[in-house]
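Residue numbers (the numbering used here), protein chains in the order written: chain A, -1 to 332; chain B, 2 to 538.
If you are wondering where the hints come from, they were derived from the structure by calculation, not from laboratory data.
Hints are not guaranteed to be accurate.
BS3-like cross-link-like pairs, simulated, lysine-lysine; straight-line CA separation at most 25 Å [said to hold, decoys possible]:
1) A:Lys46 to B:Lys422
2) B:Lys419 to A:Lys46
3) B:Lys235 to A:Lys163
4) A:Lys46 to B:Lys501
5) B:Lys340 to A:Lys46
6) A:Lys316 to B:Lys235
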Amino acid sequence: MVDFFKIFQLPQASTMAPKVDALYDFIHWVSVVSFVIIVGGMVYFIWKFRRRREGEPTPYITGHTPTELSVAGVLFIIVMVIFYWGWKDYSKIIQSSPNALEINVMARQWLWEFEYTNGRKIVNELVVPKGTPVRLIMGSADVLHSFYVPNFRLKQDVVPGAYTKLDFTATSVGEQQVFCAEYCGTAHSKMLAKLKVMEPKDYQRWQTTWEVEQSLGIQPAGAAETTAGQAPETVVENPVERGKKLFAEKGCTACHSVSGQVLVGPSLKEVFGHEVELADGSKVMADENYIRESLMEPQLKLVKGFPPVMPTYKGTLKDDEINALVTYIKSLRN
Amino acid sequence: MAYDSNDHHKNYINAEKGIWSWMTTLDHKRIGVMYLFATMFFFAVGGIFAMLVRLELFKPGPFFSPDTYNKFFTLHGAIMVFMFIIPIIPAALGNFFLPIQIGAKDVAFPRLNLLSWYIFVTGSLLLVFSIVSGGVDTGWTFYTPYSIRTATSVILATLGVFVLGFSGILTGLNFVTTIHKLRAPGMTFHRMPLFLWAIYATAIIQVLATPVIGITTALLVMERVLHIGFFDPKLGGDPVLFQHFFWFYSHPAVYIMILPGMGIVSEVITAFSKKHIFGYHAVAYSSLAIAGISFIVWGHHMFVSSQSPLANFLFSLLTMLVAIPTAIKVFNWTATMYKGSISLKTPMLYALSFLFLFTIGGLTGLFLAAISVDVHLHDTYFIVAHFHYVMMGGTVMGLLAGLHYWWPKMFGRMYPEKWGKLSCALTFIGFNLTFFTQFWLGKMGMPRRYHDYLPEYTPLNIASTVGSWFIGAGMLIMFIYFIWSLFKGKRASENPWGGKTLEWTIESPPTTHNFHKEPVITTGPYEYGELKTTGEA
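With the hints as extra help, turn the sequences into a complete structure.
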């Protein structure tokens, strides 16, 4: 019986979960009270004023404006409270910590790829430290997906052709379920991942062990034989290194320095995360989406004082190459 | 039909004979009946797909293949939305009763009315062809870029939606004109039955919003066929733009679906309580208010789509406002029953089911309008439960209330009361079992459109599927007794419920020209009650 009731309780595993639940409970009780008033009234009237004989007289009542206005007024106040509460908590959901641990996420039909800044790439398994702000920078290789962790009460659509972000801080050690919540085709319901929350020191050890093994050229244990249920772990180049190589290969260095020197185009040193003034006088934050857009549509938001000569890289760069370039440019911020 | 000229009075059904006389009819009542049969047929088809969806979800593990399941839920949604719930009340019951309730002989443009029906059939056939030619697996929302890349027959289905839209636009245009121009002497706007206020508000939305879905589906087809990049990022498009276009229509469309149901409930509750409606003006104008607000809340479908926080702020705020006119209606229906003489015939049972279920549907909307809570609940079964409480618990219950209420007038025959009550009870119990459990599933995080699910969701899913069998049984009984009653039902009198609106002053079924002489209206539509005071609230 205890087990049965467990299905009604969702664990709270992020800083946002208790906040979302508090508002949920508030709306729940507002609803219960409203329901009892309306349906209770209805049931009482059905019983009390049931037709006892045909043609019995009824009074002629056409309404009562003050009652209606007070119902509308009270209701207005309640919904505005709910609105403000929901908005206030949502502002916290989208707030990101400046020193968050950033992890790239690539969603594909039908798996999740997670890539750490040290180049470690894991499929369908995300490991994060407890109590540390984490920021997922998510892209999709094909169609819409949505990254959803019920125990965190958090969800964010993943949109092809742009980056979306999700910030969270896990509050308890353990394994959380990740769903794809946006319909994405045949195996939508199988697009599942595990999110493992570790103590920060365990997380550190988990990363360091891997880094040491990498530098010594040791294959991680179990990599040769993929056992059922174990997430396959692929070893790839560090994305910053890869981005640096692409930056040279694709001809970016011809116009953009990374030293602060102004060439044909602006230098990319310390650009990321800063506001950039555009030709039309407006300002834009140089974030992941701006860098991506500048690669795809270079003339769209031109930096002030530079000629509109950059060619588009649309069709030339693959999604993972754009990711690597963005990560590299991000690494130039300090 | 079951009538010949010598067993009953000359009426719209037996006035002319043969299938051709129906195919070429300009009589709004015949066109309404043809819409009724077509849309009820699609209701049955959509219902079968729903039962198959629930069958798959009876337990974890596959029953059908994932692709088959994805087509089932897509076709369930698309058929129910575009071929049943949007057209049925305005085009079937509205067509039949709008002219009669304002004391007119027909709608303003009878030929256009027949054309609308043919357009409806054409669009429906396109959608049916898309099923035959392999089905569609995008969900009824056709979200891009999936809908651009899937190999299934999206083009036929979206063309179907495109064509169906014109049927709705023309019907809306016809109704707005009819209400403005053809009211009988003395039938002022404020003496119109509330059903017509609802149909009027609906018609305005149909005319203004439906072109947007037409444009959207046209762009989608162009993108698929000509590879012009509107929505697919691979072609330089923006997938989220599609969602804006889609919901700019589809949110107002939600009110196209619910407003007519609300209109019926106002008629039925007054007639079976023998009471004047509580707050006529508030109920009438809240229909227009809901129609107005419906155009500026679409973004609440997109809180996690990556639309800007400012947009989320505004859409959440505006969405909250919908609660007020809606709650006023619910409050006024309940208040109408106060000190009434309440008779629990089948139409009233359905209207009370509406009140019960729609209250839950409306209140659960509050959870989804609050942004932070919606982030958790969006795209889960909570949403599925919420909109079924509004669409089926609201609109379909309202429709069935109206169908039982007006059945004697439309066909001159009574439905069997005992079977009606049994069917209503089965449907009501089954509905709550099916969908109340889904609120829990959603709160526990089960995403929608899932072919398979984790074992912890099993008990609630079993309950939900069992509930769908109750609904199926209730609806099957209803279909059987309705068809039976067409031939064997007890003859209906002119006014079996003691209604006060104009349709109850003419024969059942009505003659081809509705009224023998043009009626002159001197009072409002709900003059029940004896202890009269002067003036209206």
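Evaluated hints:
Our distance criterion of 25 Å between C-alpha atoms is met by Lys46 of chain A and Lys422 of chain B, whose separation comes to about 21 Å. Pair hint Lys419 of chain B plus Lys46 of chain A holds up; C-alpha atoms about 23 Å apart against a cutoff of 25 Å. Distance restraint check for Lys235 of chain B and Lys163 of chain A: the Cα-Cα separation of roughly 21 Å lies within the 25 Å cut-off, and the hinted pair is therefore satisfied. A distance of roughly 24 Å separates the Cα atoms of Lys46 of chain A and Lys501 of chain B; the hinted pair therefore holds under the 25 Å criterion.
Of the supplied pair hints, the one linking Lys340 of chain B and Lys46 of chain A holds, its CA atoms being roughly 8 Å apart against a limit of 25 Å. Proximity of Lys316 of chain A to Lys235 of chain B is assessed by CA-CA distance (about 11 Å); at most 25 Å being required, the pair is judged to hold.
Hint violations for this structure: none, all hints satisfied.
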